[in-house]
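Chains as they are written, first to last, in the working numbering: chain C, 1 to 64; chain R, 1 to 196.
Calculated directly from the structure, the hints in this document are not laboratory data. Incorrect hints may have been included.
With a cut-off of at most 16 Å between alpha-carbon atoms, the simulated EDC-like pairs for lysine to aspartate or glutamate come out as follows [claimed, not checked]:
no., chain 1, residue 1, chain 2, residue 2
1, R, K87, R, D165
2, R, K87, C, E54
3, R, K87, C, D53
4, R, K87, R, D107
5, R, K87, C, D49
6, R, K87, R, D10
7, R, K184, R, E167
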Amino acid sequence: MYRITVESQAAIIEAWKSRNGVTGRDYVPVNSGVSRTPSKQALLRSLADVSADEGVAPRFSANF
Amino acid sequence: MSTYRPEFLDALTLLAEAFDDVVAAGCGRPVLVGGAVVEFYTGGAVVSGDFDVVTPARHELEQALLRRGFERPSGPQMLMRGLLHRKLQIGVEVVSGTLFDGNADEDRMRLIAFGRSEVAMPAIEDMIADRLGQYSSNETGHREMLEQAIILYRIATSSLEISVDREYLSRRIEQETLRTYGLKFLIEQANVPDHS
Numbered sequence: 001m002y003r004i005t006v007e008s009q010a011a012i013i014e015a016w017k018s019r020n021g022v023t024g025r026d027y028v029p030v031n032s033g034v035s036r037t038p039s040k041q042a043l044l045r046s047l048a049d050v051s052a053d054e055g056v057a058p059r060f061s062a063n064f
Numbered sequence: 001m002s003t004y005r006p007e008f009l010d011a012l013t014l015l016a017e018a019f020d021d022v023v024a025a026g027c028g029r030p031v032l033v034g035g036a037v038v039e040f041y042t043g044g045a046v047v048s049g050d051f052d053v054v055t056p057a058r059h060e061l062e063q064a065l066l067r068r069g070f071e072r073p074s075g076p077q078m079l080m081r082g083l084l085h086r087k088l089q090i091g092v093e094v095v096s097g098t099l100f101d102g103n104a105d106e107d108r109m110r111l112i113a114f115g116r117s118e119v120a121m122p123a124i125e126d127m128i129a130d131r132l133g134q135y136s137s138n139e140t141g142h143r144e145m146l147e148q149a150i151i152l153y154r155i156a157t158s159s160l161e162i163s164v165d166r167e168y169l170s171r172r173i174e175q176e177t178l179r180t181y182g183l184k185f186l187i188e189q190a191n192v193p194d195h196s
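With the hints as constraints, model all of the structure from the sequences given.
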């Protein structure tokens, strides 16, 4: 196995973004959710329910 | 660090501690797969709150997660195999006991430190092949998987720090797409110079 660090990977990403004029974090398309298993759909729904119960915005958003 | 979402790093730190527990129990280190690895390699906001893990030690991992505030979902959603953490609003699901059906070279995996603990992830070549495999299974429905593969490849090939093993990548793409696609297709789609 190779050991890498969060910092080194972040530097690689930031250099690539800078060279290509990329900003923000929405340059990678998220999963469509088309092929999620019933188990995964249920888990994501449950996470959405947790956010609703707590009255807070979801920390992560999902298609499901 | 602004490259990654704080909630993403919080989640990985907690998972790393749980993975350490599995190792301490005498099992191999669980491997993170799926969107979380794409998010790590690209910095893009891909993770939807669910973290996919490969490990044959499901019981040991679940016990480690339960000790760290995870819980089994209750109610009508009993289909779930995963566990969720209310405060972090994340879920963890063991999706397999074997990494990429045994086709991935585990010596190429990456270990990333989070605090005093570590998360293992597949090599970027395996993630590119995995995304293309999902794309090839449903080209209309999984266009985003091709886009993810392209961005992974572009970032990997633009870096002096990462040396993409093209021979390995080519073989893995053919395995994951059942020979529907090869490295040439990816290079064409990514529109980057081929230095092979």
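Against the structure, the hints:
no.	hint	result
1	R:K87 <-> R:D165	40 Å, violated
2	R:K87 <-> C:E54	9 Å, holds
3	R:K87 <-> C:D53	12 Å, holds
4	R:K87 <-> R:D107	35 Å, violated
5	R:K87 <-> C:D49	13 Å, holds
6	R:K87 <-> R:D10	11 Å, holds
7	R:K184 <-> R:E167	12 Å, holds
Going down the numbered hints, you'll see the structure goes against 1 and 4, while the others check out.
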